[in-house]
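Place chains B and C on chain A using the hints.
Spelled out, the chains give:
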Amino acid sequence: MHAPFRLLACVLLLAAGLAAAQAIDPLPFRDRAEEVRFQNLTRQLRCLVCQNENLADSNADLARDLRHEVFGLMRQGKSDGEIKQYLVDRYSRFVLYDPPLDRGTVLLWFGPALILLAGGAVVWLTIRRRSRAAPAAATAPTDNGDDW
Amino acid sequence: MTPELGQLALVLALLLALAQGVLPILGAWRGNRALMALARPAAAGQAVFVGTAFMLLVWAFLQFDFSVRYVADNSNLALPWYYRIAAVWGAHEGSMLLWVAILDVWTVALIALSRSLPEPFLARVVGVLGLIAAGFLAFILFTSNPFERLLPMPADGGDLNPVLQDPGMTFHPPVIYMGYVGFSVAFAFAIAGLLGGELEQAWVRWSRPWTNVAWGFLSAGIVAGSWWAYAELGWGGWWFWDPVENASFMPWLVGAALVHAQAVTEKRGSLRAWTILLSIFAFSLSLLGTFLVRSGVLTSVHAFASDPRRGLFILCFLAVVVGGSLLLYALRAPKVAGGKPFGAVSRESAVLVGNLMLAVAAAMVLLGTLFPLVGDALDLGKVSVGPPYFGFLFTLLMLPVVVLLPFGPFLRWGGAGDTGLLRSVLLRVAVAAVAGAVVAAFLVGGQPKAIAGTAGAAWVGVGTLLYVYKRWREMPRGRRYPAEMAGMLLAHFGVGVFLVGVLLSESLSVTRDVRMAPGDEQAIGAYRFRFDGVHATRGPNWHAEQGTVTVLKDGRTVAVMHPQKRTYLRGQVQTESAIDPGVTRDLYVALGEPMDAGNLEGAWALRLYEKPFVRWIWAGGLLMMLGGFASAADRRFRARRTAGAPQPQAAPAAAVARESRA
Amino acid sequence: MSRLVPLFAFLLLVALFGFGIWWNTGHDQREVPSPLIGKPAPAYALPHLDDPSRTLAKADMLGKPYLLNVFASWCVACGDEHPVLMAAGRSLGIPLVGYDYKDDPADAKAWLAQHGNPYDLVIADREGRTAIDFGVYGAPESFLIDARGVIRYKRIGPFTPEVIEKELKPRIAALRKEAP
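Protein chains in written order, with this note's numbering: chain A, 1 to 148; chain B, 1001 to 1662; chain C, 2001 to 2180.
Isolated chain A (complex conformation) (with noise of 0.2 angstroms):
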């Protein structure tokens, strides 16, 4: 359903007649640590339908999919980062949380560290200019009579 209703069913978790709860998925897990593992995957890959939402909490029927899928290619003895590949080669990189750092994401990287850097420089410049300036006389420590 590729239309704004699609938007609106996710919310209300889909109308009547279909299942609405089926992100609650119990497997046939070996073990702790391969449900552990599943965890962790499903909740770094994005459900196409609901686009908000990871693999793990959407109710959507290709997550339900997508999730088994998942669980196969574990059982598969495949890696996180086959499986990943593996989900990448069929919905491109937007099935990822985690934006990959290429040409066009250099700037979200380092976007922040620039600012950060510049805004250092800032803070720094100003320090110095300020503890430079003469030390005030021996009043109240605030303009106001705090006496912290």
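In short, the hints are calculated from the structure, not lab data.
Misleading hints may appear alongside valid ones.
Derived PhoX-like pairs (lysine-lysine); straight-line CA-CA distance at most 25 angstroms [said to hold, decoys possible]: (1) K2169(C) - K2058(C); (2) K2039(C) - K1382(B); (3) K2177(C) - K2154(C); (4) K1382(B) - K2154(C); (5) K2102(C) - K2154(C); (6) K2166(C) - K1382(B); (7) K1382(B) - K84(A); (8) K78(A) - K2039(C); (9) K2169(C) - K2064(C); (10) K2064(C) - K2039(C); (11) K2166(C) - K2039(C); (12) K2169(C) - K2039(C); (13) K84(A) - K2039(C); (14) K2064(C) - K2166(C); (15) K2058(C) - K2102(C); (16) K2154(C) - K2169(C); (17) K2039(C) - K2154(C); (18) K2058(C) - K2154(C); (19) K2166(C) - K2177(C); (20) K2109(C) - K2058(C); (21) K2154(C) - K2064(C); (22) K84(A) - K2154(C); (23) K2177(C) - K2064(C); (24) K2102(C) - K84(A).
This is chains B and C only, laid out in the frame that chain A set:
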């Protein structure tokens, strides 16, 4: 008839808002007392009409007036009255009316409590608030009219979105708007200061309590939203870095920086331009948040209906208000650094560094939230930015803040502090952190996040308590903890509590999806969950399958939980999870699907959680809210002063002597 | 001078938002472009809807381009697209293969009987397993596959007459020139 009255009220409100916006500022510019004096009555009148319109909309909902399109879309005959009231702000048009109504609450509070402000200054402040109100009222009247008629009138209406039919959701929007919208007061003060050239510190002192209260409300609003998502969205998450969550978080971060910068400017006179800029940023981010949610520019679970026309209107409004204020800032902000100097090791420097990290964090959240849009604009393909980006960078940026936090109160204004004292504080908090880490490692077996959380919380918590102890030892009773300082201590302590909540719940939570037949048991940690079957039940506008899950610990029943799968009147299905709250852990059960759709008496899929310390997240947030409110309650903000006179110095010599002894 | 920095940064932001609003009017923001454009279509082997004993495999369709249209009886937007396909299907000049996605065969047959059948043939993917290989995440979606079995174009969402004229037909024409 009432919808037309409501519409008329809005038109009158718009006219009064325009008067309120234009005339007093004109009067202040020209020194015309008559025009300036119009500020209060115009504002009061506008508030009366907005309030009337709001009440008429509430009335329309209570009376099931389905001839009003907004009422018909968002309620029905079976919707309980309390949710019909909540439905007033449950969708776009009504929430815009709520926005303006809350702006009026702040405006009326301001005119009532600011008898001592100089007339021209107050005129400008009220004028700015009036212009903002006028913009929103115009937006409502021209693009988002809640009183639009729906004819022929349907016999019954749609429904309030079931996820909104929850107590948390009923008060989350008003509380968060009190915060969002409350920053308009700090903004108005800053603009008034720029307009009038009154750049002395006095206006900052007037602005502080308003800013602190707004920030407190915003903290509470964000906590309410997070708690609601946890309880209602079904899967135990409490923060998703969703664009709309980010839209409320950015003003919060900038607001946190602002309350600190205002303190510096008020007490030492420095950082005036920065404080003005932050005031503009905080409110700009509030307006930006409003834009993001309603323009359709970003996808979000939370987004209201997207309509390019509305988006364009808000964008123009944003451009004028924010662009205008930034232009004003560029032209009129103080160019010469004023106030007292300070050294590298001083409270001012600590505040500056903290401000820097908070501002960069806000910028980072903005960048990440908007990056998909940048990706479209630069044709980078569809870029996905989610929790791995935000969580990682946010943690990195907040690390210096957490590290510096205990030292803030111990540092001196201006520098030249007691390095011996600082070293002893450092030693003590370091010991506390290590002790916390060791205890955590012992109890939870090497989970790095849990260890970091305990260490960080010990660092912050013990540091704050050390200062509490210092004051208690050194000051006579009654002068130990001025309200402003108490607020600071509460909020800082809240940071420590929050750290425990976040890091421990994230690293120690256990989730299991299981199939259980009636009588089956499942163990999670020290708890055994026993599924006791499902039976049918009903509510006012829903019917449900309700499960019973008994939780046992050491053989004793600890909780009996009732997760539900509800079906609402219009067919929407909603999972109501059952939560057993606790101080050290939450137990959480969600009912899934029956394994065999035809056999409801058989096995069901269930999701079981144990979430340690998750309530500490919201407790920390609420402590921060209390801190904001407590600070605002400081006596010196409330005492009457003659217009413009600075505060008398209270026994300066004795104060200095005490400081040097400490 | 530095006092103007916030203003300029903000104006950049306004430009970005203005772009966003404009872009939104023409694009579906939720659309996820396929990574399979220009890559071979997955090897599939699916039963015919009306005769499950017969299977259509990818190899059977090599040699000429065709349009694979993913649809389902439960899909509302497919109902919107259907009349467009009924009208334009014949004029495309290439086979139109229906791909019934996660559907009950009885429902699908009834739906086609009720609304008309624009397809040259229809295959059924009940479980949706093969659809995952195609990167399908909703319905309707359509794939233009060339004579060598390579996916050349994907339409996410329903076709409109305009999209068929402006985007699909030119590409079909280009494919025909490639491999006469």
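Results for each hint:
The hinted pair formed by K2169(C) and K2058(C) meets the criterion: a straight-line CA distance of about 23 angstroms does not exceed 25 angstroms. For a cut-off of 25 angstroms, the pair hint linking K2039(C) to K1382(B) stands: about 19 angstroms separates their Cα positions. In summary, the hint linking K2177(C) to K2154(C) is supported, as the alpha carbons are separated by about 20 angstroms, within the 25 angstroms threshold. Of the pairs offered as hints, the one joining K1382(B) and K2154(C) holds, with about 16 angstroms between alpha carbons and a cut-off of 25 angstroms not exceeded.
As the CA atoms of K2102(C) and K2154(C) are separated by approximately 19 angstroms, the hinted pair is consistent with the 25 angstroms bound. Proposed proximity of K2166(C) and K1382(B) is supported: the alpha carbons are some 23 angstroms apart, at most 25 angstroms. Restraint check: the Cα-Cα separation between K1382(B) and K84(A) comes to about 17 angstroms, which is no more than 25 angstroms; the hinted pair holds. A threshold of 25 angstroms between alpha carbons decides the hint, and for K78(A) with K2039(C) the separation of about 23 angstroms falls inside it, so the pair holds.
Between K2169(C) and K2064(C) the CA atoms are separated by roughly 15 angstroms; this keeps the pair inside 25 angstroms, and the hint holds. Using a Cα cut-off of 25 angstroms, the hinted pair K2064(C) and K2039(C) holds, with the two alpha carbons roughly 16 angstroms apart. Restraint check for K2166(C) and K2039(C): the C-alpha separation of about 23 angstroms stays at or below 25 angstroms, so the hint holds. This hinted pair checks out: K2169(C) and K2039(C) have alpha carbons roughly 20 angstroms apart, not beyond 25 angstroms.
Between the alpha carbons of K84(A) and K2039(C) the distance comes to roughly 19 angstroms, so the proposed pair stays at or under 25 angstroms and holds. With a C-alpha separation of about 22 angstroms, the suggested pair K2064(C) and K2166(C) falls inside the 25 angstroms cut-off, and the hint holds. Between K2058(C) and K2102(C), the direct Cα distance comes to roughly 19 angstroms. Compliance with the 25 angstroms bound is thereby established for this hinted pair. This hinted pair checks out: K2154(C) and K2169(C) have alpha carbons roughly 13 angstroms apart, not beyond 25 angstroms.
Annotation: proposed proximity of K2039(C) to K2154(C) holds, straight-line Cα distance about 12 angstroms (limit 25 angstroms). Distance hint between K2058(C) and K2154(C) is fulfilled; the C-alpha atoms sit about 17 angstroms from each other, no more than 25 angstroms. The suggested pairing of K2166(C) with K2177(C) holds, with an alpha-carbon distance near 18 angstroms, which does not exceed 25 angstroms. For the hint linking K2109(C) to K2058(C), the alpha-carbon distance of about 23 angstroms falls within 25 angstroms, and the restraint holds.
In summary, the hint linking K2154(C) to K2064(C) is supported, as the alpha carbons are separated by about 17 angstroms, within the 25 angstroms threshold. Of the pairs offered as hints, the one joining K84(A) and K2154(C) holds, with about 22 angstroms between alpha carbons and a cut-off of 25 angstroms not exceeded. Of the supplied pair hints, the one linking K2177(C) and K2064(C) holds, its CA atoms being roughly 12 angstroms apart against a limit of 25 angstroms. In summary, the hint linking K2102(C) to K84(A) is supported, as the alpha carbons are separated by about 24 angstroms, within the 25 angstroms threshold.
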